[in-house]
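> Top line first, the protein sequences correspond to chains Y and A.
Terminal number for the first sequence in full-length UniProt numbering: 258, no gaps in between.
Terminal number for the second sequence in full-length UniProt numbering: 258, no gaps in between.
The hints are simulated quantities; they were obtained by calculation from the structure and are not laboratory data.
Just so you know, not all the hints are guaranteed correct.
The list cannot tell twin chains apart, which means a pair is met if one copy fits it or any two copies do.
Simulated pairs of lysine to aspartate or glutamate, EDC-like, Cα-Cα distance not exceeding 20 Å [said to hold, decoys possible]: (1) Lys-147 to Glu-9; (2) Lys-147 to Asp-75; (3) Lys-37 to Glu-104; (4) Lys-37 to Asp-105; (5) Lys-233 to Glu-5; (6) Lys-14 to Asp-169; (7) Lys-37 to Glu-61; (8) Lys-147 to Glu-61; (9) Lys-251 to Asp-100; (10) Lys-211 to Glu-166; (11) Lys-52 to Glu-93; (12) Lys-82 to Glu-193.
Note that the structure is predicted; figures quoted are calculated from it, not measured.
Protein chains: 2
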Amino acid sequence: MNAGELAREEIRKKMWQGPTPGLAPGYTQANVVILPKQYAFDFFLFCQRNPKSCPILDVCEGGQYRPLLTAPTGDVRRDIPKYRIYKAGILQEEVGDIVDLWSEDLVTFLLGCSFTFEKALMEAGISIRHIDEEKNVPMFITNIESKPAGVFSGPMVVSMRPIPAELVDQAIEITGRYPKVHGAPVHVGNPEEIGIVDISHPDFGDAVTIKPGEVPVFWACGVTPQAAVMRTKPEIAITHSPGHMFITDIKDEELTGL
Amino acid sequence: MNAGELAREEIRKKMWQGPTPGLAPGYTQANVVILPKQYAFDFFLFCQRNPKSCPILDVCEGGQYRPLLTAPTGDVRRDIPKYRIYKAGILQEEVGDIVDLWSEDLVTFLLGCSFTFEKALMEAGISIRHIDEEKNVPMFITNIESKPAGVFSGPMVVSMRPIPAELVDQAIEITGRYPKVHGAPVHVGNPEEIGIVDISHPDFGDAVTIKPGEVPVFWACGVTPQAAVMRTKPEIAITHSPGHMFITDIKDEELTGL
């Protein structure tokens with residue numbers, strides 16, 4: 001049993017109900033979006049057309065709860081510590097499993113998450129400010145429109161990490177190796193150019209310190225597909241709760257160059 | 001207007017009705033599969049799970065005939081010189097356009113095709129036997145099962161090219177740069193290992209000469225998704241006719257490392 005499977009088992013048994021960063025180090029964690037079948041093709045296409053913000057790791061067809069490619073022994077109904085249930089785009093509640101809500105009509109998407117590239121940056125000696133300051137990453141709605149697909153559309157949401165100017169090239173190079181977890185930044189340097197008016201007031205998450213000599217660097221963010229789903233107001237949508245991810249059997253290093 | 005657009009326009013005006021290799025050199029040509037909506041999610045998933053044989057370049061939602069990502073001015077109803085119409089998995093006829101058959105219910109998939117990597121091999125001085133012998137590439141059904149998805153399943157079909165032993169490493173390296181057009185070989189050397197009993201009797205296409213000192217090299221082939229579709233026997237399926245591809249606006253070199 002690998003460390004990813006062990007962590008999922010602990011979560012499944014409700015022995016771990018907190019955030020997942022730090023669990024099963026080196027195993028890729030995934031964003032999760034679960035939707036009724038009628039939205040599945042359009043959402044699949046939205047992800048395919050917007051691979052930087054919506055990098056698909058795995059998709060389970062209707063009613064299937066085992067992710068064949070990334071966690072064949074997993075159970076997306078129980079292996080996430082905290083789920084969010086949305087009805088018509090409105091958050092209804094957070095729950096510890098979705099066994100009672102499960103049906104043959106639900107299609108599950110696992111999407112790459114920035115934890116993978118943050119770990120790679122830190123291993124190269126580039127510290128991550130929101131982790132140092134024990135905050136959530138600052139996220140901003142941009143003026144970059146995602147490519148629409150069927151009923152889904154909306155702006156790209158980005159996450160921001162301040163990087164010392166002399167390390168920016170290295171940060172670009174390192175994250176560019178991980179196209180399945182957002183890849184290289186979508187913008188470096190000038191927030192206004194992508195429609196961000198006030199860098200100290202993120203739309204989601206927390207503001208972090210930008211020190212003299214640091215440059216704000218923006219990566220496509222997994223909140224993009226979630227925001228697109230909420231705009232469409234499906235009768236039900238289920239996601240992981242922020243920071244409470246699905247842990248796969250895939251090792252982070254397997255994602256380079258995929 | 002780029003050379004890809006020009007070639008499509010000629011085809012659309014029925015000024016060109018033959019095979020497409022040689023048209024718009026450097027522009028990526030695509031395999032095409034058109035299916036009713038009810039099969040679209042499962043087929044999308046089949047491709048996503050089997051990226052070596054079914055590399056997705058673009059998908060048009062129901063009724064859309066302009067490929068947004070790869071040929072926004074294109075028209076998949078008219079820009080292919082010859083289409084094949086299948087009903088319940090049986091080839092019914094070949095036609096020069098599908099305007100009369102078109103409906104809001106039809107979903108179009110463009111998939112990468114080996115022409116791109118063959119060109120890269122030839123530019124590196126590695127000749128392609130079936131081109132030299134003016135034949136169709138030999139293709140074989142293997143014992144490698146594709147990962148099933150919904151109603152779609154079936155064996156991987158591979159194409160074979162004999163390569164001089166001393167050039168095999170280079171051929172692997174070159175084609176590995178093109179993951180969106182089948183990528184590196186799936187097998188080198190021993191046909192029996194992948195279930196091919198008689199290399200001189202391909203299941204599709206033509207046999208080609210294997211000279212002393214040459215090794216048979218096998219790449220995942222775009223016939224794999226077509227064969228999976230035919231097994232499922234949808235009431236209608238439309239594909240390009242072999243060798244009569246859809247020409248995109250994408251340059252071959254843009255596909256490296258994608």
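> Is it within, between, both or neither when you check Lys-37 against Glu-61 at 20 Å Cα-Cα?
both (8 Å within a copy, 15 Å between copies)
> Cα distance capped at 20 Å. Does Lys-147 pair with Glu-9 within a copy, between copies, both, or neither?
The answer is neither: 38 Å in one copy and 26 Å across copies each exceed 20 Å.
> At 20 Å max between alpha carbons, let me know whether Lys-251 reaches Asp-100 within a copy, between copies, both or neither.
So Lys-251 and Asp-100 fail the 20 Å test inside a copy (31 Å) and across (50 Å) alike.
> When Cα atoms must be at most 20 Å apart, do Lys-147 and Asp-75 count as within-copy, between-copy, both, or neither?
between (31 Å within a copy, 19 Å between copies)
> For the identical chains here, do Lys-37 and Glu-104 meet the 20 Å Cα criterion within one copy, between copies, both, or neither?
both (9 Å within a copy, 19 Å between copies)
> Is it within a copy, between copies, both, or neither that the alpha carbon of Lys-82 lies no farther than 20 Å from that of Glu-193?
neither (36 Å within a copy, 46 Å between copies)
> Is it within, between, both or neither when you check Lys-233 against Glu-5 at 20 Å Cα-Cα?
neither (33 Å within a copy, 38 Å between copies)
> Please sort Lys-37 with Asp-105 into within, between, both or neither, judging by C-alpha distance up to 20 Å.
both (5 Å within a copy, 17 Å between copies)
> Evaluate Lys-147 and Glu-61 at a C-alpha cut-off of 20 Å and name the case that applies: within, between, both or neither.
Between. Shortest inter-copy distance 13 Å satisfies the 20 Å Cα cut-off; intra-copy 24 Å does not.
> Quick one: Lys-14 to Asp-169, C-alpha cut-off 20 Å, is that within a copy, between copies, both, or neither?
neither (42 Å within a copy, 50 Å between copies)
> With identical chains treated as interchangeable, where does the CA-CA distance between Lys-52 and Glu-93 reach 20 Å or less: within a copy, between copies, both, or neither?
Neither: 29 Å inside a chain and 41 Å across chains, both beyond 20 Å.
> If the cut is 20 Å between Cα atoms, do Lys-211 and Glu-166 qualify within a copy, between copies, both or neither?
within (13 Å within a copy, 55 Å between copies)
This entry does not satisfy hints 1, 5, 6, 9, 11, 12, going by the numbered hints stated previously.
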